[in-house]
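J.: As a plain string of letters, each chain reads:
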Amino acid sequence: MPALNSLLASRKGVGTNGSKLVAGFYLLAQVVAGQSPALPRTADGKPDLSGFWQTLNTAAWDIQDHRDQKDVPAGQGVVVGNEIPYQPWALAKKKENFEKRATADPEAKCFLPGVPRITYMPFPFQIVQTSKELTVLYEYAHAFRAIHVDGTKHPADHMDWWLGDSRGHWEGDTLVVDLADFNDRTWFDRAGNFHSDALHVVERYALLDADHIEYAATIEDPKVFTRPWKMNMVLYRHREKNFQILEYECYGFEHEKYYP
Amino acid sequence: MKNIIHDGPAILPVAFLLLCHPAVAQNPTKPWSPAVTADGQPDLQGFWTAEVAGTYDLTDPRGGEIVVEEIAQASKGIVRKHNPSRIVDPPDGKIPYLPWAEAKHRDLAMHAENPTKPEHIDTQNRCLPDGPLRDLLHGAFRIVQAPGYVVFLGEENYGFRSVPLDSRPHLGKDIALWMGDPRGHWEGNTLVIDVTNLNGKPWLDMIGNFYGQSSHFLERLTPVGPDTFDYEVTVEDPSVYTRPWKLKARFKRAHPDGYEFLEDACHEGEQSADKMLLPADVANKPKN
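Residue numbers (the working numbering), protein chains in the order written: chain A, 1 to 260; chain B, 1 to 288.
Hints were generated in silico from the structure; no laboratory data involved. It should be emphasised that the depicted structure is a prediction, and the values quoted were computed from it without experimental measurement. Certain hints may be false.
For lysine-lysine, the following DSS-like pairs were computed, each having C-alpha atoms within a straight-line distance of at most 25 Å [stated by the list, open to error]: (1) A:109 - B:248; (2) A:257 - B:252; (3) B:275 - B:117; (4) A:95 - A:230; (5) B:117 - A:109; (6) B:173 - A:257; (7) A:93 - A:109; (8) A:257 - B:275; (9) A:223 - A:153; (10) B:104 - A:257; (11) A:132 - A:153; (12) A:93 - A:230; (13) B:173 - A:241; (14) B:252 - A:132; (15) B:94 - B:104; (16) B:94 - B:248.
With the rest of the complex left out, here is chain A (with noise of 0.2 Å):
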């Protein structure tokens, strides 16, 4: 099978020939049934996101349409639509936060920044993935969040988190991540738009090739939206040799100061 054996050669950090095996097994497999068979996969014939990915986008400055403003790019928004279904009541509020944003948004604190806007933020972030759970370590502030594909089910309680609760399971090739027990603290983007604490996010992982993933966000609050509404775009994976996660521990505290 010379075209699987090239498809075999191209996949990079997949560890062990014992698993390259497995894993041309699993190729084999998803060509009998009509899937794409170019993705890199692990050793279990998962879509293997390993790695390290960074979107291109405006959305940590404004997830919609905007024009540019000092030190904001002017970028087409994220937003299916472009439009998001606020109740009246919560329209005025985004407008308010807007107004406030210097100092209102939970970012200019340094706090943890909410799913999905800390994909979106200006930072990359490292996709650690095994068969149970994929691990998202963040260069912002060290975050990170356990993607579990275990079969596992969100707490039974409530939970008021920063990053939710991330229960993930394959559609497919694509990951599917719901995303419940959030708190009301955080925000879309540094324009104001926000959420309740009754957010429930849908997330989409879907490898377009070896190095873009097609990532979808839905994002439901019936407190806050008239109904369910989505984002969209592209994580484009770290090709740069040796890429790795710094630090970007965020200000919040004048530590350059006290701690030189």
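Since the structure of chain A is provided, determine the placement of chain B on it from the hints.
T.: Chain B only, in chain A's frame:
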């Protein structure tokens, strides 16, 4: 910016490295061979905590008691039980500071209970990263292994270390990191981690033992049983210490399989550090 010395383990004297070797230093009874991961690494995955956990004082670990209470008791002449120093070399169990560094440490230790300046407050109380070594001794942590990486995830005070296992060079000298720049490799069943590019800011314990921006850590994690591994780290920095020193600790499994960390946001809402400052110094307290 101060220069950061970029030395691999080669700068340590050979004899000293031999002393650190697990064949010399570890379990003399029978060698333990752990299971291996899918990509062939000795399997260290799971939740771990130091047998004597906590970072109250590296030279006098307290096994979970609160150091400030003990200081108060000591001032009343109450003798407490000491655990041996974690420092195994030099033999006196003390960190071999240069005179200026000893003076700085004494000042920090003296103010540990009653800080009068923001810089007297333990970096951990500010929710700043623990740095390597303290991140393991502090509380429970989790090891995850995937092809090419060993990852350490902290249960308390959000933080992680992602250790690449390839032979890539260390980062350039102008990059200084709270958690340092780790490079790992396996020597038999021992995970060896070479750490450079430290920013020297995190304290090593609650009483202000410290290292510097030029410090170099060489860590060794050796499984000695299904639920135990031995840890030793050699710290060297001629700008802070008179000689390299070595710390040892034994780690046990901390949580059963299936346990999950709860989120431990620390900086969010943190107020304890400012409350530690004396009222007279409130005017000087930093804005958070």
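J.: Give a verdict on every hint.
T.: Do the hints match the structure? See the list:
Proposed proximity of residue 109 of chain A and residue 248 of chain B is contradicted: the alpha carbons are some 38 Å apart, above 25 Å. Distance restraint check for residue 257 of chain A and residue 252 of chain B: the Cα-Cα separation of roughly 38 Å exceeds the 25 Å cut-off, and the hinted pair is therefore not satisfied. Proposed proximity of residue 275 of chain B and residue 117 of chain B is supported: the alpha carbons are some 12 Å apart, at most 25 Å. A distance of roughly 20 Å separates the Cα atoms of residue 95 of chain A and residue 230 of chain A; the hinted pair therefore holds under the 25 Å criterion.
For the hint linking residue 117 of chain B to residue 109 of chain A, the alpha-carbon distance of about 23 Å falls within 25 Å, and the restraint holds. As the CA atoms of residue 173 of chain B and residue 257 of chain A are separated by approximately 22 Å, the hinted pair is consistent with the 25 Å bound. Of the supplied pair hints, the one linking residue 93 of chain A and residue 109 of chain A holds, its CA atoms being roughly 19 Å apart against a limit of 25 Å. Distance check on the hinted pair: residue 257 of chain A and residue 275 of chain B sit about 19 Å apart at the alpha-carbon level, within 25 Å; holds.
For the hint linking residue 223 of chain A to residue 153 of chain A, the alpha-carbon distance of about 23 Å falls within 25 Å, and the restraint holds. Taking the CA atoms of residue 104 of chain B and residue 257 of chain A, the gap is near 17 Å; set against the 25 Å cutoff, the hint holds. For a cut-off of 25 Å, the pair hint linking residue 132 of chain A to residue 153 of chain A stands: about 13 Å separates their Cα positions. This hinted pair checks out: residue 93 of chain A and residue 230 of chain A have alpha carbons roughly 20 Å apart, not beyond 25 Å.
Between residue 173 of chain B and residue 241 of chain A the CA atoms are separated by roughly 18 Å; this keeps the pair inside 25 Å, and the hint holds. For the suggested pair residue 252 of chain B and residue 132 of chain A, the alpha carbons sit about 23 Å apart, so the restraint of at most 25 Å is met. Pair hint residue 94 of chain B plus residue 104 of chain B holds up; C-alpha atoms about 15 Å apart against a cutoff of 25 Å. The suggested pairing of residue 94 of chain B with residue 248 of chain B holds, with an alpha-carbon distance near 13 Å, which does not exceed 25 Å.
In this structure, the hints that do not hold are numbers 1, 2, in rising order.
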